[in-house]
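Participant: Place chain B on chain A using the hints.
2 protein chains.
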Amino acid sequence: MPKIVDHDLRREQLAASACEAIAEFGLDKVKLVKIARAAGFTTGALTHYFPDKDTLLLAALRFAMKSTSARIEQRLSAYPKDYFLALCEALPIHPVATRESLVWYYFWLRSLSDPTVRKAQAADHAAWLDQVKTCIAGLSERSSHFSNQKMEAEDLIAFINGITIRAILEPKAWPARRQIASLRRHLIRAGLDGKASSRTSKRQAVQS
Amino acid sequence: MPKIVDHDLRREQLAASACEAIAEFGLDKVKLVKIARAAGFTTGALTHYFPDKDTLLLAALRFAMKSTSARIEQRLSAYPKDYFLALCEALPIHPVATRESLVWYYFWLRSLSDPTVRKAQAADHAAWLDQVKTCIAGLSERSSHFSNQKMEAEDLIAFINGITIRAILEPKAWPARRQIASLRRHLIRAGLDGKASSRTSKRQAVQS
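Protein chains in written order, with the numbering used here: chain A, 250 to 457; chain B, 250 to 457.
Next comes chain A alone, as it looks inside the complex (with noise of 0.2 Å):
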């Protein structure tokens, strides 16, 4: 029997290993001999599975991206409708959200000079898009009466990455619940609050 499962396994554990790698030592510097050591193959193996580097690295990209919006909904399979809790999931408060966030991050820069890059990413921010705004549409059934969901779901990733980035430079001075509180407030202020129940104690949320 022809295996093909392993083949997938091992283009994912490679990918991950690259991820660990990417945001280890940055985009630029990382090398092939490492992210293949790391994930117990000799470079020659590596190549069975991605042709070059560069398809490697967006193999990572990609990894780091379903891994983030697996915890999401893993988050929301386990504390079902808790979009908040789903929502923090994205912000760098454990070291595994940490290193996905870096290599988000790494590849926004490459994707300004890189159009593969760019036509990857475009294809990731519009999935993200998709899963923030069912977030918010459960954090509030008056969402639908927003006058432009998009808009504030666009706001919202905005800020999200405005935390993520003074969260990497700034590992101490924005502690986890320090991002936390930043989302909730963002939250409460758009009248986003999850953890009200009723439409009147959402409203006195955002009027407090």
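Not everything, but these chain B residues come out facing chain A in the computed CB check (under 7 Å):
| hint | residue |
| --- | --- |
| 1 | Asp404 |
| 2 | Ala407 |
| 3 | Ile412 |
Since the hints were derived computationally from the structure, they do not count as laboratory data. From the three backbone atoms N, C-alpha and C, an ideal C-beta is built for every residue, glycine too.
Facilitator: Only chain B this time, still in chain A's reference frame:
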């Protein structure tokens, strides 16, 4: 008479030229020869003002920071008390501001691996935080009653950074008016509506 002023001016011209080159080519690909030529110097003459590339690049970061800060001050001189208009100058809403945002952005990443850049950025951030706090205080006399004015300023900086990233990555989706609208919404929701002139009208703006 020694040409002391000229030397300072030339240093400034070279820093400005480096700022433009970084925005165009990125921090890793920028070439000394191009910076020198754009400023009307030879590479040899350039080394008279900056001992090495890193010193010049760091001067470009300082130039970007000073230039943004000066634009904000100029706005406040021309339109006293229009702190909202002043804060908009920190967003990439026109070519000069976009160039400076890009320079900041490139150095954010660089600071992760370069302690000298990290130190320079920490100083810049402290100055920038003071300027934002002044704007926040100006936007609302209520601001002194905020539980944590520094926190409000840090959140505002995070939001400005987040908009900057989105606007740099997707300029078509984030034209100036979109960025300005997002900034205004953030400020209004924070109770910092610069347009209102009395306490009562401000309160109305926040609650509407």
